[in-house]
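**Q** Make the complex out of the two chains shown on their own, each in a separate frame, by following the hints.
Read top to bottom, the protein sequences are chains X and Y.
Our numbering numbers the first residue of the first sequence as 141 and each following residue consecutively.
Our numbering numbers the first residue of the second sequence as 17 and each following residue consecutively.
Among these hints, one or two may not hold up.
Stated by the list, open to error - Simulated DEER-style distance windows between Cβ atoms:
{"no.": "1", "chain 1": "X", "residue 1": "193", "chain 2": "Y", "residue 2": "106", "range": "34 to 42 Å"}
{"no.": "2", "chain 1": "Y", "residue 1": "637", "chain 2": "X", "residue 2": "296", "range": "22 to 30 Å"}
{"no.": "3", "chain 1": "X", "residue 1": "237", "chain 2": "Y", "residue 2": "169", "range": "51 to 59 Å"}
{"no.": "4", "chain 1": "X", "residue 1": "163", "chain 2": "Y", "residue 2": "337", "range": "18 to 26 Å"}
{"no.": "5", "chain 1": "Y", "residue 1": "579", "chain 2": "X", "residue 2": "315", "range": "39 to 47 Å"}
I should point out that these hints are in silico values taken from the structure, not numbers from a laboratory.
The C-beta atom is built at its ideal place from N, Cα and C for all residues, glycine as well.
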Amino acid sequence: MADIATHDTDHATDHGHHSSTGLSNNKLAMWLFLGSECLLFGGLISTYMLYRGRVQNGPHSSQIYDIPFTSVSSFVLLMSSLTMVLAVSSAQRKDDAKTNLWLVITALLGATFIGGQVYEFTTFYREGLGFTTSLFGSSFYALTGFHGVHVSVGVIMLLSLMGIIKKGKITGDKAEVVELIGLYWHFVDIVWIIIFTLVYLIPS
Amino acid sequence: MSTNELTLTPSQSPGLVKSPLSISPSRPLGAVRRPVNTTGWREWLFTVDHKKIGIMYGCVAFTFFIVGGVEALFIRLQLALPDGRILSADKYNQMFTMHATTMIFLFAMPMAAAFANYFLPLQIGARDVAFPRLNALSFWLFVSGGLILNASWFLGGAADGGWFMYAPNSGPVFSPSNGVDFWVLGLQIAGIASLIGSINLIVTVLNMRAPGMTLMKMPVFTWMILVVQFLLVFSLPVITVALVLLMFQRSYGATFFDVSQGADPLLWQHLFWIFGHPEVYVLILPGFGIISEVLPTFSRKPLFGYPFVVFSGASIGLVGFGVWAHHMFASGLGPVSVAVFSMATMAIAIPTGVKIFNWLLTMWGGKIWYTASMKFAIGLVILFTIGGLSGVTHAVAPSDTQQTDTYYIVAHFHYVLFGGMVFGLFSGFYYWWPKVFGKMLNEKLGSWNFWFMVIGMNLTFGPMHILGLQGQPRRMYIWTEARAGEGFFNFGFWNLVSSIGSFVLAVGILFFIINVIKTTRNPERAPLDPWDARTLEWLTTSPPKVHNFDRIPVVHHLDEFFHRKYVEDETTHAMTQIATGEDLMRAEEAAADTGIHMPGPSYWPLLLAIGVAVLGMGIIYGTPIMVVGALVVLFSSFGWVLEPSVPEPIDFDSPSHDGHTKEIAPVG
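Looking at chain Y on its own, in the form it has when it is part of the complex (with noise of 0.2 Å):
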């Protein structure tokens, strides 16, 4: 193998390292043909490639998070002025519940997930998930959901019960529309996607890693997102549950949370907070994982107390199963639980505590950079501090029952999930572009969108304190002025304020959107690593070859990447550099594997995820389409069984070219 060709420095590696073989399919596999050779928007659509399908995974998230950003522009547009007169009680029912039933499962949780396969197997040195086509089954799945979520909309009103949907409020007689069936549907649908993801996700971490990587070298982010698997694991099938019990009281008249009948409204709520719950950490571990890279990267030192952090996540999760209660305190559960679960989410506060100090202490003593990702990563530590000690709070159960349902929940919850969660994830989307997409975001306009970012946040849920503690209800519609009280805590000045904020919020995010058109056009690429990072995902190109690593690294340190680059002096403690990135790439592609075989591309998924839905949407629009679905998912069950994932040698002509003996399959 010639050296030369296959040596790039990162100016001349603009992109993947296209295939080049010529490929026909010798035989039909299974009971189709398979796409060996696609290319085009068939290279997207039927793709197995854990990094393409973090991409879809991330712009169809962005995509549902500017809808749900919108989605909240008109809350607080109705909220601005006393008398509000933009949307009717009955579609503000329905614009909050979307707003946070889109956020949470349509933007948040997928956009962990694009970076968790994007990053995942990158970080553990493997060069891809461990069942591929599952992979891509995930993401079509959580399309259909989406999509489904969404189309009540057009087809006569969306669900209008609160993100938690309570029974039996969200039954026939309270919610007539079919929106809460669309919402149960589509849940299920996204349900079945993340458990998918998430199996998936804990097979690659726990039999995947590369040589040498003992789960105490693994990076805290692939940590992370394996605390965040198994909580889904064992969290999603309880509001299954739920919402199939709330699907055939609906559809087929079952009587579950039929209150006449003896129902207990509790069931509903138990199983739904023994699922909510574990999905809040579900939802800001990710972004704590995300930081725990950031942080050491440009404070240039080492994670403090690397095991801490990993463990107190860890016990975050375990703990997270715990609490759910404490959602439940005004309900009447009694002395006992709810002393129990006061406890329980009170202690929940220590590992969390943990964390914070261990970013701090990463920070102390650093040289710190502040980049924009930085920014964002500082920002997440004091945001999610304001909002865990309002959370704190919470947990005391006699104050909790005064807040419950007040705007002062909705702040807390805010600072936790916006200040954390998405500040996390801005931090990432920062952190990692240049891997992605082989080009830098530009820090001058990321700093603008982090400056309207932190003052719109604080503006709009800050007074939402006051407001709540004022005892505005969470799910108010309107507010007359008669009844706004006087003085400097009046509901009317504060709620405008809130508003004006939302719209200082939603100019940041139009500076990233503005800063991601300009990065796609500006024709200069990244450098290899720049920003010196730690991590094993920077070991390759940018964006990565198909096949993730020229050869699998051995792993010998905790931050491997780093540890190949630098030398301690066993002394002074000093580093000194001994390598760049370019030359370490110069030496994996020098020393890269032969014959490396990737999946290939398959139409089950896709196929499959069609099915599901039409299957789904049967249970409201009738049989013959439950049908048809059933025959689809049948149909392409029958064909992924019978396609082998990797593709045969005989799906290939030999390769010739340029004595290449790289088998790869094609991009796509």
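Only chain X is shown next, with the shape it has when bound in the complex (with noise of 0.2 Å):
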């Protein structure tokens, strides 16, 4: 979605149109596409929710979760959240070597929970919990795995926009661009909340 977010901006606003709902459409899009994601996260999350005790061969969740170290990788990941809007404060102040400071450390910090997520998957995998091991591999890796995706997407936009910034070459309200991408940000740590707790937290 970064085409939408640094892109296509409404042209039709400068040239007397206005936007009926007073959003700008970049920013009524992602909306739209975040409460779409919200059923995608739905699906994948009761998809796991039915399977999370069904294990047949392998370790179940409780004997393979690190509590403390997933927690720890939870905090970083919602730190980037903070940082996030540190961006956007500074991209609406027009400062932009504080933005692409704090986009660097938002980038960071999600850059270290996708480490930890690699780190956690290896170990759960020397353990014994593959893909295809049971019911309860194969969801817990389909849903964290699809976060993790989205995080790493997050990097690569937040990277991305660093450049364009210092590139100068971006098109558009720089701030909104800057704000699309922490909204598609802070969503994706609002799904990792729902299942940090749902996942690691709730004994199944």
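**A** What follows is the structure, given as structure tokens:
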């Protein structure tokens, strides 16, 4: 969705049209996209909740989850929402240097979370939980993997945005573009809060 | 500006107003130079014009309609006589699966998208959709998805699990060929296309209406399309989950539908139908929208109870999310679920009935003009009502468990989908053809088209009620004389009638194709306002100009175009004509805006869609292909982001011809 986020400014608004809702086209589109994403994660979470206790081979969730470790990486991800807010606020104050700084930090925090997830997946795999091992394994990796892909896409968007700002090639309202990617980023974080609670904290 | 140059009478306005500008891109934008100066096939390949994209949607969807229709004829040939030899059991499975998939995902949805793309911006007085390049991307992704789905015919056999592809039946054990893999991929890509398209259209409707056009002054067609897009935004992700799970199972050995691991077969059914039921309203509501435009126009009356039609459409959409399990009554959900979903399903008949009565009362007392378009619209009202009545019998769970998986179901959904949706689309073809192509479809051939279709359709699908109640299973590939039964209700006779009917139907479609060819060759131009129409899309030339409207209309009424032509006498309520469409057009052209910027064409939507398709094929044919696809996707995403959607002034030479100051991106 980087294309929506950084592009397609509403040319028509410049020429006699008004935006009937008062929201810009880009922002409205992002909200709709995120609404749709809710149901995507809803489906994956439902699948996990249905299958989390169904283990015929391999380890149960309680045998492999490392709650302290995942708590730390969750904390890192949640902190990235804070830095994202700071990036948006710098962008609104038209402070490019600060915006870029906070974008990089946000991306680094996101990448740290992904690193944690890679480490966690590797550990689980060594302990006998593969993608094909059991219904629990398949649905766990599908759900958390999908979330991981979303974070990774977010990191790529943050870094690309930074590059584009540096080169001065951004089209349209710069602060809004940062805000749009921020919306996506916060959404991915909020989804993680739900996943962390349902997957890790509630015993099956 | 000279008024004379811009005054177009209908007979003199043959085509799009081409830009007088000569164009030379002066610097590369993004990774490669922008295709500003395009003609010929490039004009279509790189276009972001919603009208061109709409026409392309229509052409591709109609091609798939013929493909799906031929598949249906094969099915009916196989079942026409006992011990059919036309198709093997395996081929028969592929045939009905692909018939349904093609008709739903590659004909019905994109054909509705064609109408939506073309007319929605025109009906709300906008110059384009909110995101023109995303619009092109939707179209090309849909083409990619359709090609991948149908490529399976030539690459080891098509999908064979039925259109709802129940797992575990669609797992690797029971569907070993690659057919289901192609199906899963094709639908995911077509799904992304629909999702992007729906977000685009919602933003367009919510944000880009002409000044004065409140939501309750919007044409009903636009309203129904809006409801449909909301259904899509919230139902497509659910089937995406189901498709992804199935893909992981088939391609990477995941266990989601592996019953030996303790998997629950109902998971697929729930995920599929949470999408699948809103989907049936996605299919029918555009048809409802079209005839809600057609019926008032040809009855010469405003739509009866406009707010009721709008809100019943919206409530059909809303309740449509809560009835999915009526597809699963036979799966043992338990009495409470069955009762709830049964009641909800019956409740949905209420808003539908409201609509039917509104249409009837629209026609009541009107001066009805029986054009081909009107005939199809009336056909929809009658045939959909028949289908709706058998639908209510499905809502009654005990009755439904008798009918599940019989031909009675097939009869029901063909009455609502063929009699409802397809008739609506054909009504739209005849109604809007002069707007899109500037020529009138032949009314006489239209009449032949209608009568063959209506007779063929009843001959084909009517007997299926009998076959179903006699117990003929839905996906039976062969029947024998010995078990056909005797007397009036024997299988043999009614299967033959149904098969003959399907060919009558095909002849009806053939009349349409002949009509299109004949019309294309006919040099005669359509008048500007041939139907004395009511909505804003007629407040422009036929076909419309690149920029749609010379000036953005200011809206004061529902049916704005009609109210600009007629005034109502305060006491007698008689309508007096004060202007013709031509008069209004002249006024618009005299007051035309200057300096209109239209979005420029772009390579990226096409390239990105190709990248996604290659990426998808990598799931079947190995990682290297996937990497290539991913690189193309990445490259085109960056190209896309770095390219402004409106070509910058520097891309154009300054306008100098004839004192025109319009700066319009060229066609394409």
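**Q** Is 18 to 26 Å respected by the C-beta to C-beta distance linking residue 163 (chain X) and residue 337 (chain Y)?
**A** 24 Å, holds
**Q** Are residue 193 (chain X) and residue 106 (chain Y) spaced within 34 to 42 Å by their CB atoms?
**A** 38 Å, holds
**Q** Taking 22 to 30 Å as the hint, is the beta-carbon distance of residue 637 (chain Y) and residue 296 (chain X) inside that range?
**A** For residue 637 (chain Y) and residue 296 (chain X) the Cβ distance comes to about 25 Å; the hint holds.
**Q** Can you tell me whether the CB distance of residue 579 (chain Y) to residue 315 (chain X) sits inside 39 to 47 Å?
**A** 42 Å, holds
**Q** Check the following: the C-beta atoms of residue 237 (chain X) and residue 169 (chain Y) are separated by a distance inside 51 to 59 Å.
**A** 58 Å, holds
The structure is consistent with each of the numbered hints, conforming to all of them.
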